[in-house]
Amino acid sequence: MDERSGEEFREFMHGRWPSMVRLAYGLTGDQGHAEDVVQAAFARAYASWPRVTRSGNPDAYVRQIVINENRNRFRKRRVPERLTDQLPDRGVADMTGRHDERMALIAALQRLGPRQRAVVVLRYWVGLTETEAAVTLGCSVGTVKSQASRALAALRTSTELVEGGLQ
Amino acid sequence: MSISDEHDLTGRLDQAFQAITPRRAPVDQAVRHGTVIRVRRRIAVVAGLAVVAAGIAVPALLHHPARQPVLNQPRHHDVTVHPAGRHAPAGLIASGTVGGRRWRVTADKPGTSGAAPGAQCFTAVTLHDCGTVTAPTRSDPVAFMGTSNGPTDVAYGPVSAAVSYLTVRLADGPALTLHPVSVYGTRYVAFAAPLHVAIRKITAYSARGELASAIPFNGPDGSATVGLWLRPGQTGLRRATQVIGSGRTGSRAWSVTAYLGPWGECLVTRGGGGTSSGCNAVPSPQGTTVLGSASGSPGLVYGSASADVEHMVMTLAGGGTIRVRAILVGDQKFFAFAHGQGQHSVRWQAYDASRREVGSGRFRGL
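Here the protein sequences line up with chains A and B, keeping their order. Mapped onto our numbering, the consecutive letters of the first sequence carry residue numbers 1 to 167. Mapped onto our numbering, the consecutive letters of the second sequence carry residue numbers 1001 to 1366.
Wrong hints could be hidden among the right ones.
Said to hold, decoys possible - Derived DEER-like restraints, expressed as beta-carbon distance ranges:
#1 B/Ile1020 / A/Ser55: 22 to 30 Å
#2 A/Val141 / B/Thr1132: 21 to 29 Å
#3 A/Gly113 / B/Thr1112: 18 to 26 Å
#4 B/Thr1235 / A/Thr143: 51 to 59 Å
#5 B/Arg1024 / A/Arg150: 13 to 21 Å
#6 A/Gly127 / B/Arg1023: 24 to 32 Å
#7 B/Ser1360 / A/Asp59: 37 to 45 Å
#8 B/Arg1023 / A/Gly113: 22 to 30 Å
#9 B/Ile1020 / A/Ala60: 47 to 55 Å
#10 A/Gly127 / B/Lys1201: 47 to 55 Å
#11 A/Gly113 / B/Ala1317: 52 to 60 Å
#12 B/Asp1331 / A/Gly127: 56 to 64 Å
#13 A/Thr143 / B/Ile1322: 50 to 58 Å
#14 A/Asp59 / B/Thr1289: 32 to 40 Å
It is worth saying that the hints were derived from the structure and are not from the lab. We put the beta carbon where it would ideally sit given N, CA and C, even for glycine.
Kindly generate the complete structure, drawing on both the sequences and the hints.
Written out as structure tokens, the structure reads:
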């Protein structure tokens, strides 16, 4: 990669890093994982930078890599997890704290399936249209609609949000 | 619930996500990792294409630039390769273990999973990568691509119809046998090896016998690059290693070393941007041309020069010039130079020993 393209990438990564980490945070529910996913995504973007810039929409391209990286992380993580019949202790949200409200929402998001979570983040936080979200996720518009509908229904009945006093 | 409508959900998500403060963007790490991915992706480089790659900083090597980049002590690693069977999941090319760690390589249907038209996505262990797949030929029987995944080096690629099977000989002893499998209409092979174990030789066989073999260049990042495929009896370039340029720009040392051998030509740059390597699969000497560059501070530019070239003059965008000697390595001359941050070259001129101009050109994008 030539020097100018390298500088262009550096500037792009500096500018988009916070928003991409927040996107990944919505997907992973963990800031550390989110930063790992986004760092790996930017590395992939760097490796394909000419193609990224040729795409005409580097934000969409990198966003898609973030989604894929998170999907791969999820696949990888599934293997070492052990199933148990013991439910973990769950903290009771402080009804007066904004922090707890935020954490309740993050916890509720994590209860959704990966695709529903991605649809929620892309549609309602990034602000993509159903078509754009479908392209990003590599699925049909119909799937985005149905996943969004189910995700909203799940959030409305989410235990975390109910117990957190958000109903 | 208080998430009464979609607008409300947007507001709450925004509050939750804005509450975190991401650490400073790790741009250098991403660039280093990205260049490693880049060199693995271009594991089979065709003649005339320059490759810029890989970046794991190895500062100690700066003091011994002519040393072979990878010196492996023989040590046994358990490596297994299982080609996908008849009832394997869709897209599976091969799977196995490396030192007890499982690996697998799968291909997505061409044009799906976010791949551009004509491109294809692969998942090697956990890394998902998409790109245009180079078709193999009779002279290049496997168009290897690959990636490094933690301590595991994974290579995969389409195989020409003439190939019945391949063998891969690793430095620590085990020889792997690869049987092509058909995935979405294309024959593929895949294998994995420990990242820092050199791959000594890959041989492709037809039903009648050996078709071609490749001796990879084992680079400073531990990955192997397949350059030239040699027909039985061919020996490729004579092995030669030499520093073609070195110095200090500001407080930073830099060097460019050429490694010629049966893999073709590989150039390793060490400087402000870390260590990088690129290979050029050329069977014979080339003319004067810029082969590649490594970004960073200092930025490094390197290329090949015709046999009659004695020195090169680079003209910088600001009007200054840099003069460098052409260095003979084996049968090929090379040049390399560095420029500081913010500088870039716009033109090169080549001169013979009598100071007659024998070539010139413009830098594009350097």
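Here is how each hint holds up against the structure:
1. Range check, B/Ile1020 to A/Ser55: Cβ separation about 28 Å, and the 22 to 30 Å hint holds.
2. Taken as a hint, the range 21 to 29 Å holds for the pair A/Val141 and B/Thr1132, whose Cβ atoms sit roughly 27 Å apart.
3. Hint check: A/Gly113 to B/Thr1112, Cβ distance near 21 Å, so the stated range 18 to 26 Å holds.
4. Under the hint 51 to 59 Å, the C-beta atoms of B/Thr1235 and A/Thr143, about 56 Å apart, fit the expected range.
5. Distance hint check for B/Arg1024 and A/Arg150: the Cβ-Cβ separation is about 38 Å, which falls outside the suggested range of 13 to 21 Å.
6. A beta carbon spacing of about 25 Å between A/Gly127 and B/Arg1023 agrees with the range 24 to 32 Å that was offered as a hint.
7. The hinted window of 37 to 45 Å between B/Ser1360 and A/Asp59 holds, with their beta carbons roughly 41 Å apart.
8. A hinted range of 22 to 30 Å for the beta carbons of B/Arg1023 and A/Gly113 is consistent with their spacing of about 29 Å.
9. Taken as a hint, the range 47 to 55 Å is violated for the pair B/Ile1020 and A/Ala60, whose Cβ atoms sit roughly 23 Å apart.
10. For A/Gly127 and B/Lys1201, the Cβ-Cβ distance of about 54 Å falls inside the hinted range of 47 to 55 Å, so the restraint holds.
11. Our hint of 52 to 60 Å for A/Gly113 and B/Ala1317 holds, since their Cβ atoms are close to 53 Å apart.
12. Evaluation of the 56 to 64 Å hint for B/Asp1331 and A/Gly127 yields a pass: the beta carbon distance comes to about 60 Å.
13. The given range of 50 to 58 Å is respected by A/Thr143 and B/Ile1322, whose C-beta atoms sit roughly 57 Å from each other.
14. One distance hint, 32 to 40 Å for the beta-carbon pair A/Asp59 and B/Thr1289, holds here, with the actual separation near 36 Å.
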